[in-house]
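Engineer: Now for the letters of each chain:
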Amino acid sequence: MVALRTAVDVARAVASGELSAAAVVEENLAAIDAREGEVHAFNVVTAERARECAAQIDADVKAGRNVGRLAGVTVALKDNMCTRGVETTCSSRILAGWKPPYDGTVVRRLVDAGAVMVGKTNLDEFAMGSSTENSAFGPTRNPLDTSRVPGGSSGGSAAAVAAGFATVSFGSDTGGSIRQPASLCGLVGVKPTYGMVSRQGLIAFGSSLDQIGPFTSTVADAALLMEVIAGHDPLDSTSLPQPAPELMSVLSHGVEGMRIGRITDMTEGSSPDVLERLDAAFDALRNAGATVVDVQMPSMSYGLTAYYLVAPAEASSNLARFDGVRYGLRVDAKDLNSMYGDTRAAGFGDEVKRRIMLGTYALSAGYYDAYYGKALKVRRLIADDFAKAYESCDVILTPTSPTVAFKFGDKTNNPLAMYLCDVFTIPTNLAGHAAMSVPFGTGEAGLPVGVQVLAPALGEAPMFRVAAELERSA
Amino acid sequence: MPESISRETVAKVARLARLHLNDEEVDRMTSQLAGMLEHFRDVDALDLANVEPLNQPIPLSNVMRDDVEVPSLDRDEVLANAPAAQDGRFRVPPIIGFEE
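Chains A and B supply the protein sequences, listed in that same order.
Per my numbering, the very first residue in the first sequence carries number 1; after that it's consecutive.
Per my numbering, the very first residue in the second sequence carries number 1001; after that it's consecutive.
Honestly, the hints are just simulated from the structure, not real lab data.
Do not take every clue at face value.
Claimed, not checked - Far from chain A, by Cβ distances over 10 Å, these chain B residues were calculated: (1) 1008; (2) 1020; (3) 1023; (4) 1025; (5) 1027; (6) 1057; (7) 1065; (8) 1074; (9) 1087.
Unchecked claim - Stretch by stretch, here's where chain B covers chain A in the computed footprint (C-beta under 8 Å, at least three residues): (10) 296-305; (11) 322-330; (12) 343-352; (13) 430-441.
Said to hold, decoys possible - Label-pair distances were calculated between CB atoms; the ranges are: (14) 138/A / 1091/B: 30 to 36 Å; (15) 334/A / 1011/B: 17 to 23 Å; (16) 391/A / 1024/B: 50 to 56 Å; (17) 1095/B / 410/A: 45 to 51 Å; (18) 1056/B / 350/A: 55 to 61 Å; (19) 350/A / 1087/B: 37 to 43 Å; (20) 23/A / 1038/B: 53 to 59 Å; (21) 1065/B / 369/A: 56 to 62 Å.
Built from N, CA and C at the ideal position, the CB exists for glycine as well.
Extracted from the complex, chain B is given alone in its bound form (with noise of 0.2 Å):
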């Protein structure tokens, strides 16, 4: 088991998860998270060397439908939507040239 989340993590982790926190606001999830993890040991009283991980329920093999076309959204009600349009598309702001 790792050590103890440092508040550096959980700023690194922030960026990852694209949400911006507060100084005050990494304290309080780096003292959270911290408590959280530690209660996770409990796991480490069990034997977990050989047993398989369990990713869904009930397996099911990979799903396929028939290539034919159906009718799909009606694109002005799913724009209507947007915070921003134009043209018929989700219009964004600049992708590229603004990194940090």
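The shape of chain A in the complex, shown without the other chains (with noise of 0.2 Å):
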């Protein structure tokens, strides 16, 4: 295994001329031809682009001039993310090809901060999926055992940080993209709160739950890049108007006399190696000083539910303007109606398939109440069961995935037991609050376990003085 290089290093390293840009990218690649034959973590590999930039970088460095506060910094994008020039995916054959005439707001971040991009990194197509299995490109493998998924919808981000193949990774996060993958190849993940981080460039799921965030190897990582990429987007008009949260700054607090809830109500079954962990995380945090409460979330396990209605609801709307019109693949035919519903069905996978006939038929008329309303209902008792929680503690422990990184296959013909993976991380992004996976020791054959830290609508402070605590003590 390639020692991993954390942001913070690089980033003062790089920037005092210590360490050269160009090494780092070097290094980088030099782990992508090793290892990425084996677990197709990319769509694509920048490296020309790569090289060039590091360059400057170093340029820059030895005149003298202001570098950024990721100089050096490599970075792998899920592919969801619109970088201009750079083919752009989704991993759909729908938008092979295609080609974006802008970078995203993040993107643009990440770069004016002095970050290097290595490549556009694989994921379920349209981030619909929890193994990464469902790629129109095939699958991507766990660096950690090939023989397991990296969890998804990120997996690729997740995987290229895991090999070394990039310093840090971004992914989204719609029901747990990001969390999941995490916590399977053992990386810190974030899921910032709804409105934190800006969505403008990112291809839209479910817009109401979407947020890009973070995958790194270390939480003073996941702090430094949040306090990068977060922060008031006017070309995002969910975009919360407040800058980014100072958190570097609290990463030493400690937990003393901090309130972390256990749910003892939540029904749905982890493996006994998850739960060891999550109770030795909660023992962790009580020696530090904080205070363990019970608290309940009777609604909570609804969740899943709910969110298999809103999400595919807003895909299906969302997903209408792949049509052949303006970019991406189009199947030629006699008319117009022909023309979309030919491309359609030929661009398209089965997953996603499945959840635009889900989410129109759930929005469609004479059905809308029973469904999609009623979900929106689940919703809001899942928003008021967090609310009541949070009155007695400042944030929950939960296990991030019911069990480690399981075998390719494993779950592939049972979308249920698919789904079931996000049953702790989906909540979050109904509520539209913010949670982080912190890796916390090893279960079932030596793999990594990840415990998630909820915390409420702009809580991220709070949450990563508990993350730091458990890394301390992992």
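Take the two lone chains and join them into the complex the hints point to.
Structural biologist: In structure tokens, the structure reads:
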């Protein structure tokens, strides 16, 4: 296994001239050469662009010009984030070959801060899945055990960091698509508060749920990246009107006096190895001076059910734009409607079709109140449960994923079994809150187990304090 | 809660979604959607009568910007991605005259 560098160390060493950005890029490219064939983290590796970008940063350092907070930090970006002139596909045949005419806001902020993009990473098609087995371009393998999945949908981004292909990476999280792969690959993964990070240039899946966030090998790296990418963006009308939170400065604050919630009525089964690590995490925080408080979330187990109506409904609307007119695939036909239908039939994979159908049905006349309307009411109950729980605690700890990384094919024939991977992560998205997964030891087969820290909206600072404490005691 | 989904409804929804499905796909989709909708019956255990739906997690009032000119995307770069373009516009097959 390659020794992983941290973004904090790289940025400091590159800015001071101790380390060249070029050397970091070459290290990553060598790791990619050695293992990308078996891992398949990337849809495209942008080696030449990375070398040019690194050379520019090294020249800036040599000339004494200002370099950004991420000088020389290599990043891999989930292939649903628009990058100008670099193919962006959502791992779907319908967008194969598309080169966006602009960079998304997060991409621009990263580049402005001196980050160096090394490639675009594989995902479940349009971010719909929990294993990265649903990519039109083939699955990604978990670098820690290539007979197992890396999780999903941001599996390529998680694998890229775990394999040493990039210092850090970014994914998007609609129902757990950052936190679950982070957990399965032994990384830190953050789902920021809804509206904290601009979604401009993120190809939309569920617009009331989606957030971009980082994958890193340390909590401090995640804090640094959040400080760079968060904050208001006039190009995203759901972006909150406030600056990025200060997170680096809270990491050393400890958890003395903090109240950590433990959900006592969550019925879904986690495997014993995962529960053992969760108990150990509560013990560690108690030993560090926090109090563990029992809380109830009676509606939480309905989150999965509500999510699988709300997310497909929003997706069916968002994916209407893939119609063979402006970009991507077109299957020629005699008239416009036939062209739409044939193009979409040829371009979308099975899972995407299933969700478009479910979402269209749930929104159609006669069924709206029975399905979508009810799901939105369940969503309210979950938000109310959280509001009540946070009256008595500052953050809540749960497993991130019910199990460690599973084997290929284990869940592909049963959509509901696959959906259950996200039972602990989905409620956060429904409520618009913040959450992150932190590695906390290992379980079955020596594979990593992640603990999830949940926080209310804009609760990133207490969430990072707890995450940093867990990292210190892991 | 409506009755389980029919094959005819699935075919109609596919038309609404502009998604051509063959007969075998309609059959498979009918059984898979029926399974998912069956699962959704779980929520019937909840009393939702007086619950307000939650559409957006964090309510923001309508967001407006000042009406000022800003640079837009480069037309040639955008059209270079189009499956078909002509005279600076997207080209599409006939829209009327071929309706089923």
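Engineer: Please go over all the hints and tell whether each is borne out by the structure.
Structural biologist: A quick look at each hint next to the structure:
1. 1008: holds (12 Å)
2. 1020: violated (4 Å)
3. 1023: Nearest chain A Cβ is 13 Å from residue 1023/B, so the label holds.
4. 1025: Non-interface label on residue 1025/B violated, nearest chain A Cβ at 8 Å vs cutoff 10 Å.
5. 1027: holds (13 Å)
6. 1057: Given that some Cβ of chain A is not farther than 10 Å from that of residue 1057/B, nearest at about 2 Å, it is violated.
7. 1065: Per Cβ check, residue 1065/B is inside 10 Å of chain A; nearest 6 Å; violated.
8. 1074: violated (6 Å)
9. 1087: holds (15 Å)
10. 296-305: holds (count 3)
11. 322-330: holds (count 8)
12. 343-352: holds (count 3)
13. 430-441: holds (count 4)
14. 138/A / 1091/B: 30 to 36 Å: holds (33 Å)
15. 334/A / 1011/B: 17 to 23 Å: Holds, at about 21 Å.
16. 391/A / 1024/B: 50 to 56 Å: holds (53 Å)
17. 1095/B / 410/A: 45 to 51 Å: holds (46 Å)
18. 1056/B / 350/A: 55 to 61 Å: Given range 55 to 61 Å: violated, Cβ gap about 30 Å.
19. 350/A / 1087/B: 37 to 43 Å: holds (38 Å)
20. 23/A / 1038/B: 53 to 59 Å: holds (57 Å)
21. 1065/B / 369/A: 56 to 62 Å: Violated, at about 35 Å.
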